[in-house]
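Single-letter residue listing:
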Amino acid sequence: MSPIFSPVHGIHTAAGRYLRRVAYEDAPPARSGEATSAARHVWQIAFGLAVRRRFEPDSPLAEIRRTVTAVLQHHAAAALPALAAEMLIRDALGETVPVDEIDDAVRSGAHLLLFAGLVEELAMTDGELEGLVMEAEELAVEVIAEAVRDQPAASAASLSFT
Amino acid sequence: MGQSGTLDNTATAAGRLLLESLGEESPARSLSRRHDSPRTVRLLRELFTVAVRRSFVGRDPRDVTAYVRDLLEYQSLPAGGQLAREAEAVIRSVLGEPELAYGIPDLRRFELICHIVGDLARPPGVPTAELVALVHQAEWRLARFDRPES
Chain A
1 MSPIFSPVHG IHTAAGRYLR RVAYEDAPPA RSGEATSAAR HVWQIAFGLA VRRRFEPDSP
61 LAEIRRTVTA VLQHHAAAAL PALAAEMLIR DALGETVPVD EIDDAVRSGA HLLLFAGLVE
121 ELAMTDGELE GLVMEAEELA VEVIAEAVRD QPAASAASLS FT
Chain D
1001 MGQSGTLDNT ATAAGRLLLE SLGEESPARS LSRRHDSPRT VRLLRELFTV AVRRSFVGRD
1061 PRDVTAYVRD LLEYQSLPAG GQLAREAEAV IRSVLGEPEL AYGIPDLRRF ELICHIVGDL
1121 ARPPGVPTAE LVALVHQAEW RLARFDRPES
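So the protein sequences, as listed, match chains A and D. Take the first sequence: its position 118, counted from the start at 1, is 118 in my numbering, and no numbers get skipped. Take the second sequence: its position 14, counted from the start at 1, is 1014 in my numbering, and no numbers get skipped.
Warning: the hint list may mix true and false statements.
What the hints assert, rightly or not - Reference excerpt, derived from the structure (chain D facing chain A, CB under 10 Å, subset only): (1) G1081; (2) R1085; (3) E1086; (4) V1094; (5) E1097.
None of these hints come from the bench; they were simulated from the model. Even glycine gets a Cβ: it sits at the ideal position worked out from N, Cα and C.
The task is simple: from the sequences and hints, build the whole structure.
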């Protein structure tokens, strides 16, 4: 296991902590544009986990649209494209949908904001949210370890979004 | 809606132009050449609305995604990215989600409408009589929306 993931209980990465702060509306998701690829990967996995908890693969599109609309209205300043956001959710549900050519910053912004919206809709407790983020971190560990191998001098702090 | 029309029964010159284009070997390309006639472009937009609603209202909305993918692949256009999302947005914009297409430039929207109308409303898939009836309906919509307020 990567040294980043010590056996200490709780969220281990700055990316995970940032994700939790976004879910608590305690951090500006606009900073997602500065994220590392490892951090983006954690967010993408967490987003996928939340999507699959909230929706079934055959959930009505209108239900998905309601979630997207609510999130985009709540975060109008982020100006996320509605259809791209919807497609990211459907992609996470396993549908074949057009998700190419979505800018990294837009993609991560959507992952973060939709994740926060889904956590809100699911009325997750602090413990459930922490468990979800930790699960995403564990699933992302190979990618993060790869990033560490590619940058051996980098400290754990470099895995944050800053 | 009448189903016994011929090309000559079409009331307007714009309608006849659209029907001529739809009868050609490459309808989308032919339709795209009509861009210099504002009346024809407006009629084409109405025909697009009519054709899309007749094809998709009452169906699973996910059918739109699959249809767009098939259409773009058939046209050898990229089917997994921005163009596909824009095509879906343009279609869904006339199915009750107009906001989806707000950011799409007019020229791109026109090109997509040409491709979609050229596919949804052309013989032999759509019989000539039905096609004429569709254009009549589009003309009626155009006349209704162009009517000055009294």
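Hints versus structure:
no., hint, verdict
1, G1081, "holds, 3 Å"
2, R1085, "holds, 5 Å"
3, E1086, "holds, 8 Å"
4, V1094, "violated, 15 Å"
5, E1097, "holds, 8 Å"
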